[in-house]
Amino acid sequence: MVLSKTFLVLPNRWGMALPYFSVFILALTLGWMQFFWTAKHHFSGLEETKQQVSALQSEVKEERLKTQLAKEEFLEFRQDVATLMPQALPIAGKGEKGYPLRNLAAVLNPSTSDAVRPVIIKTLFERGQELFRSKKYEDANRVFKTFVEKYSYSEHAPDAYFLWLDGAFKVGDYRQCIEISNQMVEQFPGTELTGFALLRLGRIYEMQGRAEDAVDIYKTVLRTFPQRDVASQAKASLKGLDL
Amino acid sequence: MIRLFQGIVFLFLLTLDLNINAETIFYPKNCWGKDETCAVQNDSKRPVTLQLNGMQVHMDSQAIMKTDAKGEADLARGTLFAKHSEDFTWHTPFGQVICHACQVLLHRDEKSLEVNAIKGRVTIVRKGDGSSYELPAGFSVQLSAVMKDGTANLDFPQAAPLVLVGKAWARVYNGDTQDFKKEFGDYVKTWDQIADLSSQMQKEEAERRIASDEAEKAHAEKLRQDRLREQERIRQLFREKNYLQ
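Heads up: the protein sequence lines correspond to chains R and G, in order.
To convert a position in the first sequence, counted from 1, into my numbering, add 20.
To convert a position in the second sequence, counted from 1, into my numbering, add 1017.
Hints are computed from structural coordinates only; laboratory data are not their basis.
All values derive from a computational prediction rather than experimental measurement.
Please note that a few of the clues may not be correct.
Keeping only pairs whose Cα atoms sit at most 20 Å apart, straight-line, the calculated SDA-like set for lysine to any residue is [stated by the list, open to error]:
id, chain 1, residue 1, chain 2, residue 2
1, G, K1198, G, A1223
2, G, K1046, R, P138
3, R, K239, G, E1257
4, G, K1128, R, T87
5, G, K1165, R, P138
6, R, K91, G, S1161
7, G, K1046, R, V168
8, R, K91, G, E1257
9, G, K1046, R, E83
10, G, K1046, G, G1088
11, R, K86, G, E1257
12, R, K156, R, P138
13, G, K1087, R, K156
14, G, K1046, R, E79
15, G, K1046, R, A90
A partial selection of chain G residues facing chain R, derived with a Cβ cut-off under 8 Å [stated by the list, open to error]:
id, residue
16, I1042
17, G1167
18, R1241
19, R1252
Backbone N, C-alpha and C fix where the C-beta goes; we use that ideal spot for every residue, glycine too.
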């Protein structure tokens, strides 16, 4: 009755009532839809799953943050170790026992690994020296040959050449001795060891019966190398030849 | 009638599932201002502002910072703008940035930390080195990994790249545009003053390096000539003795 009075009975009011009616129907439809979706969500368990997914996503994010923080701590630790390397490597990074330390230094960062190279060079050189001292001349010669081929720029290169020359002399390979002397003269003309190498060459000449050539060599060494040890040995060799 | 429509629209909006990606992750949970050790990540796409004991930090998207028990903080990733009313130390694996009531814009990636002093006094202490280096406002410097000499690499400070700093600062600025314009204007004035100083410093450094390089080259050349003379003398003898001539 009321409804008909409001919307239908009064024809002169239809112009006003129709929009109200439409809005009412729209609100009713939306209300039902809302009710329908809420009920559907509630009974389908979708909300619960969404909440679980959201909680898991938060956990993942937190784990990622933790990983990032752990990485940062590790980086800091690496940097701390890297600051200690310049002092530690020369002391504890030598030989076989120093391998773990050298290995550690190598992974700190590329620039730090440069610091390890001198230790590797030194280790190889020391191995050659050890073999030489044990009179395993052929093995020592192989090590020194490798050394001068790989690390010719090393500060130990003249020593390696000289020990190689001496090793070759010991095994009677005079041709090799002359070759090594030649390389030493070319590469390290001013070093004391080249002086000793030339003295060894003089000795080879003596053994080959080329006394005059040996005298020339000794005299040149005496003139060219001011180092006391070389000079005194050259003098002694000359004296020996005079006798 | 209008009210009725508004009511319906309001009801409709309530039902929408808006996924606004605005999240700051704290580890441990809700630790900011409560725990000494607190890690924060801005996981949203917009900057986040945090305040604590005279410190105001504006973190850019995805930036990560962590405070520690010593009262210092580490920027582990991303960009942040920090305002300090007291002395504060920013600590990173490459060294420390000590802020004496200053404003600083920091950018951190895996391999380096970029420090832009905006206002006040900033001091840099690199890892493995006890000395501290002043970074005046307007200057910028990069601090990176520890080198083979055991100290972190600290670049030569230079006038900050104005446009890049301006963009980064604007991105994290927490205030209205007018305030930013004013603050950035002040920064540009400071920058103008130090730009000449910076270029002068760069010039002096370049000249010093050139001079030292030239002296080194001259010395090396002299040694080379001496060595060549000696070598030739001894080579001659060697050839004679081995019948190579």
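Measure nothing beyond the straight line between the CA atoms of K1046 (chain G) and P138 (chain R); if it is 20 Å or shorter, mark the hint as holding. violated (50 Å)
Keeping to a limit of 20 Å between CA atoms, is the pair of K1128 (chain G) and T87 (chain R) held or broken? holds (17 Å)
Compare the distance between the alpha carbons of K1046 (chain G) and E79 (chain R) with 20 Å, and conclude whether the hinted pair is satisfied. holds (11 Å)
Hinted pair K156 (chain R) and P138 (chain R), Cα distance within 20 Å: Since the Cα atoms of K156 (chain R) and P138 (chain R) sit roughly 25 Å apart, the hinted pair is violated (cutoff 20 Å).
Restraint outcome when G1167 (chain G) is required to lie within 8 Å of chain R by C-beta distance: Holds, about 4 Å.
For the pair supplied as a hint, K91 (chain R) and S1161 (chain G), is the alpha-carbon distance within the 20 Å limit? Holds, at about 16 Å.
Just to be careful, I want the Cα atoms of K1165 (chain G) and P138 (chain R) compared with a cutoff of 20 Å; is the pair within it? holds (12 Å)
Taking the closest Cβ pair, is I1042 (chain G) under 8 Å from chain R? Holds: closest Cβ of chain R sits about 5 Å from I1042 (chain G), inside 8 Å.
Does the alpha-carbon distance linking K1087 (chain G) and K156 (chain R) stay inside the 20 Å limit? violated (60 Å)
K1046 (chain G) and E83 (chain R) were given as a pair; does the straight-line alpha-carbon distance stay at or below 20 Å? Given that 20 Å is the threshold and the Cα spacing comes to 12 Å, the pair holds.
Between the alpha carbons of K239 (chain R) and E1257 (chain G), is the straight-line distance 20 Å or under? holds (14 Å)
Take the C-alpha atoms of K1198 (chain G) and A1223 (chain G), compute the straight-line distance between them, and say whether it is at most 20 Å. violated (35 Å)
Comparing the model with each numbered hint stated earlier shows that hints 1, 2, 7, 8, 11, 12, 13, 18 do not hold.
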